[in-house]
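2 protein chains.
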Amino acid sequence: MTTAIRSEFDQGIALTPHPDEPGRYDGELGAGWQIGGGVNGGLLLAVAGHALSLAHTARPESAGHTDPVSISGYYLSAATPGPVTVRTDVVRTGRKLSTGTAALSQDGVERLRVLATHGDLAAHDGEVRTTAAPPQLPPPDQCVGVEHAPKELIAQAALLERFDMRLDPASIGWALGQPSGSGRIQGWFRLADGREPDPLLLLLVADALPPVTFDLGMPGWAPTVELTVHLRAKPAPGWLRVVHATRNLAGGYFEEDAEVWDETGRLVAQSRQLARVPR
Amino acid sequence: MTTAIRSEFDQGIALTPHPDEPGRYDGELGAGWQIGGGVNGGLLLAVAGHALSLAHTARPESAGHTDPVSISGYYLSAATPGPVTVRTDVVRTGRKLSTGTAALSQDGVERLRVLATHGDLAAHDGEVRTTAAPPQLPPPDQCVGVEHAPKELIAQAALLERFDMRLDPASIGWALGQPSGSGRIQGWFRLADGREPDPLLLLLVADALPPVTFDLGMPGWAPTVELTVHLRAKPAPGWLRVVHATRNLAGGYFEEDAEVWDETGRLVAQSRQLARVPR
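Just so you know, the sequences run in chain order D and W. Residues in the first sequence are numbered consecutively from 1, following full-length UniProt numbering. Residues in the second sequence are numbered consecutively from 1, following full-length UniProt numbering.
Next up, chain D with everything else stripped away, as it sits in the complex (with noise of 0.2 Å):
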């Protein structure tokens, strides 16, 4: 029994391809990653983004295409626990680099699109030149668990019992009734049942801290209209650091850029997303 062992990760993404509808993959959206009525959209997003390095690596032509290199979702209504279905069209196969659609659907409906480049992060030349710098945080001990959030938060965000997520003291204002006004949250991330970081992980940690938006006083949901994430590196094993931050909140609409850096310090993913202004 593989799947007692499993972590809770690889179950949440876990697909099967469908025997007689090539490039289609189902699988079950688990209740555990609800946040605000609906399932949460980096998880979605690593869902797709499976499906399409499974489409990859099953043709010869584009078999060490594993790991997304850039990936878009657009989401178009809220998915629920349940059934997931996923279909993939592989736009392009290149000798570095294969491009790709997916569609997730439940009972007919489409609950996002994404159109994804994927290839071998490994095999990317080893030259850093960035001025991109960590976040300064203090130790994960020094930080502020989900145990310590309101509990009218973790009643909506079933998703919180599947991390170990600390924020940085700095910026959780909010949760006292005192957002900093600054539009940034940071912290550090893991999973709870200990599964090491990889390419697929970092898509649900693009969308994993609560809205920045909340540092902003606004608190709510925020629906996402897109997200990409671009994957710079495989992240090392150990915790990963988070930023989120919004500069421009005009319009009904924000943006979302987040940050993910590995235990080495590595700049493993930018992220950024347009989402709605909670009501």
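Since the hints were made in silico from the structure, they are not lab data. Note that CB positions come from ideal geometry on N, CA and C, so glycine has one too.
Footprint (simulated), chain D over chain W, 3 or more residues, beta carbon under 8 Å: (1) 69-78; (2) 91-99; (3) 126-137; (4) 222-235; (5) 250-262.
Now the in silico label distances, taken between C-beta atoms and shown as ranges: (6) P278(W) / T264(D): 21 to 29 Å; (7) A122(W) / T264(D): 41 to 49 Å; (8) G265(W) / A133(D): 27 to 35 Å; (9) E147(D) / E21(W): 55 to 63 Å; (10) G265(W) / I154(D): 38 to 46 Å; (11) G108(W) / T264(D): 39 to 47 Å; (12) A133(D) / G82(W): 42 to 50 Å; (13) P83(W) / T264(D): 43 to 51 Å.
Add chain W to chain D, keeping to what the hints say.
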């Protein structure tokens, strides 16, 4: 003969609905939009965004969804001057936003796949709470026009003749063999023929400045893997201010973030692309 007075940009993105194939639009990529041996990626994105705008506005249920709100392009092969076909598919029509895909091809070879959400930017609410500030630039007449660009650059970039672009003297050290190393290029932008900005033009502008890698001492063209533009407001007439910047060149790729500000000081577009480091 209205074409005689139509702007170069409107000619560049002009499309004709195919009489027998719903959702198909045909156009012509002009030689005047070439750069580094291909047609500029921002122009291609504007062609695809225009096709989706036509597709949405042709349907009564999405008639007002004229403007791209978020658009993601995945670049598959280099486009060349000549006929182009755009096949659109509407994925979902909502009350405020409609989502669709566009495949741009030449002679049966796909150049660009696009996933985008359109809406009506004029209908967005008026609230602006932004911490972003426009770039500080010397006035246009104290910036450096294209006429001062190295001849080798202009020879490879016919599209520069379409632009009235004035770069900040502080960010053109690379043109004199002294790149600043900061990974930032900024300046003023308008079309040479005086055509005023609109949302489709902003898609071009997001990819109009020289690659930021020039400022890192890496000449050569940087092929775009993926480019997403968020349109945040309709631009006012007049000059645009544009900033391109990168923070993380690593593993053979870099991100290029762009901001476009209009003459009223409003942040009208934010974009990010993932591109390959020039060889």
